[in-house]
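Protein chains in written order, with our numbering: chain A, 1 to 133; chain B, 1 to 410.
Check the hints yourself; a few may be wrong.
[To be verified] Chain B is faced by these chain A residues, among others (derived, beta-carbon under 10 Å):
| no. | residue |
| --- | --- |
| 1 | Tyr-18 |
| 2 | Leu-22 |
| 3 | Phe-28 |
| 4 | His-39 |
| 5 | Ile-64 |
| 6 | Arg-104 |
Think of the hints as simulated: they come from the structure by calculation, not from any bench.
Note that CB positions come from ideal geometry on N, CA and C, so glycine has one too.
So you can see what is in the structure, the chains are spelled out below.
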Amino acid sequence: MDDLYRQLIIERYKTPHYRGHLDPHDIFFEDDNPVCGDHIEITVRMDDADVVTEAAFDGHGCSISQAAADLLIEYIHGKKLDEVKALTKDDVVDLLGIDLGPVRLKCALLSLKVLKAGAYGLSVDEVSDELVE
Amino acid sequence: MTTTFDVNVLRADFPIFDREIGDAKKLIYLDSTATAQKPTAVIEAMNEYYRRSNANIHRGVHTLAEESTAMYEKAREQVASLINAASPREVIFTRNTTESINLIAYTWGRENLDSGDVVILTEMEHHSNLVPWQMLAEELDLVLEFVPVTDDYLFDMDAYKKLLLLEPKLVSFTQMSNVLGTITPAKEIIQLAHEVGAITLVDGAQSVPHLPVDVQDLDADFLVFSAHKMLGPTGIGALYGKMDLLNAMPPFLGGGDMIKTVHLRSFVPNQVPYKFEAGTPAIAEAIGFGAAAEYLQNIGMDAVEAHEHDIAEYVLERLEEVPGITVFGPSAENKGGVASFVMDGLHPHDIAQILDGEGIAVRAGHHCAQPLHESCGVKATTRASFYIYNTKEEVDALVEGIYKVKEIFG
Ligand SMILES: Cc1ncc(COP(=O)(O)O)c(C=O)c1O
């Protein structure tokens, strides 16, 4: 357990670095985890070369979902849109640095799902778990 | 009422309690409302069937087929006996509570309900007693009405009486909420429904495992429940129905076993209960179901209820002392062994995960009762639930675990 709750996750949960909402923005998306009602929204600003200059997340949920969102937003700063589109589940697992079972993995991947749906410009009905496989 | 069995002796019947979680933590299983653990008697009944008697049932005349058929039908008797059905033929084997409710909706419902008819449910129903009626309401243009939960988390009898003025055709309600633990006054609900000519469906998924349930005393028209929540295997459940109702209902799935005769363009359905058991059923599981019913009857459902009442009282008392905790549900006298709670500033997943690290299995989420959570004003809760094998020491361990959660996130 103490593994799952390593210091980084608890810290980022309690005092996230990238919580907020950017206005104006180039990308906006939000979605829920239907099992627990967790919610994440992400806003992203890019420059003319489609490089992320600023990003933020907002929402509520368990420590894993919120810390994963915060770490993911940190990670995409300076990345190209194409790189953001290419992010996978393994990137998020690496950021968190812990092994997760199938249920908690869903929590961890909610922000990635939201981010990629936004990056691809999908509508809510088009979002599926395939995005983060 | 006093407990008449020794929990510590009884626990030896459940092999799963020999295992450990993570680094040598004792398993403390507080998730029986989702599914119960299985005693050796149940596991062995199924194994024995596969080892010695395995054959398809009904039409065979060889020894194994005869034995298997006898074991399958004995299981029906054991389940019927637990709920005091007038005849074992009133017990139909299904996959689970959910399938039983769907069966009633698709057969009795389609036959007997019509545009504008009122169906009464309650706000504390499991999704399995909501969605089938929502689907049927859409199809037949029914009106669904909901009995609310009072401020003390009880079935709102006054509101129910008012709804009965709408002359419902069906009242379908849970006898015990899987979130609040609320035990509803089933006998009175049924009697009042009958006075206005309504048929009653009792969701016994939580009551049959935990309370004495007597369908004749209740005068229930339908009672549905799942084996896996009452020490039996997954994949099998029951639908009890009064014989005259079952006889009048059209069949559900078509195929083998449910027919008396088949021609190329027509068939004559078999008698009850086979009319509703199309295809090869879950034979081993039925046998395990029977063994579970017998195991519970041997303990005595009064003793089961008394034990859980003790635990419910104790868990409420212990949780009350934890700062920042809110437990949803009525006081212990109207409550089964279920404690769903939220803690200030803490997410149910985090609570459940840290408790798991202590070997304690609880559930986090909406427990398939989203509308109920909405009316409680929360998205999700953490739920600890208790059964015959749980002890007060395990309640203490839960409370200690909760303090650990507070410490980590403090
Ligand atoms: C009150 C209640 N009704 C129905 C069900 C559905 O049972 P099953 O999933 O076995 O069909 C449950 C299971 O959680 C329940 O607690």
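Each hint, compared with the structure:
no.: 1; hint: Tyr-18; result: violated (19 Å)
no.: 2; hint: Leu-22; result: violated (25 Å)
no.: 3; hint: Phe-28; result: violated (23 Å)
no.: 4; hint: His-39; result: holds (9 Å)
no.: 5; hint: Ile-64; result: holds (7 Å)
no.: 6; hint: Arg-104; result: holds (7 Å)
The structure shown violates the earlier hints numbered 1, 2, 3.
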